[in-house]
Amino acid sequence: MALIVEAVDLKKTYMLGKIPVEALRGVNLKIESGDFLAILGPSGSGKSTMLNLIGALDKPTAGTLLIDGVDVSTLNDNQLSDLRRRVGFVFQFFNLIPRLTARDNVELSLSIADIGKAERKKRAEELLETVGLKDRIKHKPAELSGGQQQRVAIARALANNPRFLLLDEPTGNIDSKTAREIMRLVKRLNTEKGVTIIMVTHDQQLAKEAKRTVQMFDGVITSDVVN
Amino acid sequence: MRTRDVLGYSFSAIKLRKLRAGLTTLGVVIGIAAIVALLSITQGLQDTITMQLETGLATDTLIVSPGAGAFGGGQDGGGFGGGALGGADSGFRLLINDTQTINGLSTDILTSTALIQRSGYINSTENERVTTIVGVDFSEYKNIYSTTFISESGEIPDTPDNNMIIIGKRVNERQNGTVLFTAGEDVQILWTNATARPPQNESYTAHVAAVLQEVGGFAFGGPSDNNIYIPITTAQEFFNTSECETIIVKLANSDQATIDAVSKLITNEFAGEVSTISSTAVLNLLGSVFSIIELFLVGIAAISLLVAGIGIMNIMIVSLIERTREIGILKALGMKSRTVLGIFLGESVIIGVIGAVIGIALGWVLANIVATVLSSGAISIGTGGGAGPGGDLLSITPVLTPMVFLGAFGFGVGVSVIFGLYPAWRASKLKPVEALRYE
Ligand SMILES: Nc1ncnc2c1ncn2[C@@H]1O[C@H](COP(=O)(O)OP(=O)(O)O)[C@@H](O)[C@H]1O
Ligand SMILES: [Mg+2]
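Going down the list, the sequences are from chains A and B.
Here this note's numbering is used: position 44 in the first sequence is 44, and no number is missing along the way.
Converting from the second sequence to this note's numbering requires adding 227 to each position, the first position being numbered 1.
Think of the hints as simulated: they come from the structure by calculation, not from any bench.
All C-beta atoms in this analysis are idealised placements derived from N, C-alpha and C, irrespective of residue type, glycine included.
Take the hints with a grain of salt, since some may be wrong.
[To be verified] Label-pair restraints from in silico Cβ distances: (1) A:D114 / B:F238: 16 to 24 Å; (2) B:Y665 / A:G34: 21 to 29 Å; (3) B:M630 / A:F93: 49 to 57 Å; (4) B:Y665 / A:P42: 21 to 29 Å; (5) B:W652 / A:P42: 35 to 43 Å; (6) A:S145 / B:Y665: 20 to 28 Å; (7) B:E549 / A:F217: 53 to 61 Å; (8) B:F238 / A:Q205: 55 to 63 Å; (9) B:N541 / A:T74: 52 to 60 Å; (10) B:R664 / A:K117: 28 to 36 Å; (11) A:L16 / B:P629: 45 to 53 Å; (12) B:N541 / A:K122: 38 to 46 Å; (13) A:F93 / B:V592: 44 to 52 Å.
[As the list claims (entries may be wrong)] A short, non-exhaustive set of chain B residues, derived as facing chain A with CB atoms under 7 Å: (14) M228; (15) T230; (16) D232; (17) L243; (18) R244; (19) L246; (20) G249; (21) A559; (22) L560; (23) G561; (24) M562; (25) V660.
Construct all of the structure, not just a fragment, from the sequences and the given hints.
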């Protein structure tokens, strides 16, 4: 299996004014293609920071992070955006563009990748069908439930056939029944479509669905077990 | 991201805040409309005045009058002022005979003719008009001003009898069209000799040989609708003078080099006691006066556009702050910084383009309204000077030159780019993680 993420002694320090906050204090992690990882840990343990680094939204302070064999700290602004296009990010608060319809939100991701209008429309509709929102394509986020919005966000994250899907507490803002549905969808993407999944969650139950569970505490990985 | 998609995204953001964007656009509209209206009216006014001047002017003539540099010489086309306004009168007078001296100065000089001018009256049994009596050699004058010194009725004789006169159109007709004198009629010419003690009223009976066609425009050495013309020999005798007010020189060429060379020759010949004006110089001067006026007007309008630009910057910064999170999302989706810049710049440019287009249209409408109001007689400017009967109405046709059109458009768009650049740059520099954390 191809190694798509490799973190070696990864560190991230934020400056809160003059006070340094060590969010990651030396993380070592390897993720292979097709993996399904659940990252667990208390609030403030550095889970989001880890995910942001893997998603190329931020740069590490020290250590090395290889994505597809490329050291992210060597990439410039343009190359980082290219990398982000190959990563699907799903956030706790959905982060859809409110003025755009479900389809336009998915299309946005495709138009950023220079895909033409006709192709975009077709793909967006297929993706929304995959996540079970075929009949909601013209709805704006405000007209959708939390679970439906998160499905749109997943469809958007999948738009450019990413190398892996990063989900930061995707079920944190939806009821447990819908959360299980989302979980089923994510799992299906992993098993049926072979999408690599890295998911941060609070929920021990949901974490059990993953192939592998990584436990974080205070900026380091404290356990890494295959379920 | 494709340019079309970038603009489409910009547009969707503008549409969301129609009122705000509309008000900002209004700022641009007002600035551009002001520029277009002011410039097209000024251009129209300049064209009107230039046209009126050109009808009365012949470009191959020089007008020589006493006084050093009274109105800018031909050689420099310069400004007003100089001898006539400053200092005392040197006592220099041009003589009718000086035409012979001038004729011998250069082969570029085809001919020259002297003009004696006095104000006086022309009377028939029923009518009396105040006018300027001009003594001139009819055949020479006809030769120089062949397109304007033309009779409408009667005939301009080459070798006139002493008592023959030619009447300008305006002297002959009231504004309402009433004809006062007719060719073939006998009239009285009156003049008060103010240098005699006591001042003497002089008069003689003249015969109307011709009435001139309407010249229109400003008389400037050339034939005027407000003058009457008598043979120079008669004028010499009647006004008892051998001096003249003006000598008109006809040149072989109307190019600037000839004008400059001949001007210099004449000025030197009379030891700087005369000044020469070419019609080209007058037109140039007019042109430069209008350039200054235009610059001034554009300057004022540009200030309003500057304010509009600050308005654009203001809403773009507000928009930037409101949409920080959105920018974070776009970047997380892999949008390049320069595309983010393009989206924000696109928004201000769309405002600029719409503002400029509406502004040009509105400015043009405004210019036409103002021109119509002016032409309908709210304001009237007399042409041809005080001696003549009533004034002409000033009719302006606004002119929108391609320069003004493109300039206004470019200016509007330019302002939107310049003032949109900073907010767009700030948007593009946002870090994705920080932008996403923004509440
Ligand atoms: N942009 C930031 N600036 C300053 N401190 C930050 C920033 N992001 C995260 N932190 C801090 O880093 C630590 C780890 O945060 P985070 O990775 O978000 O934790 P988790 O997602 O596990 O709750 C926390 O103490 C948090 O306050
Ligand atoms: Mg977190």
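Hint check against the structure, violated hint numbers in rising order: 2, 7, 8, 9, 11, 15, 18, 19, 20
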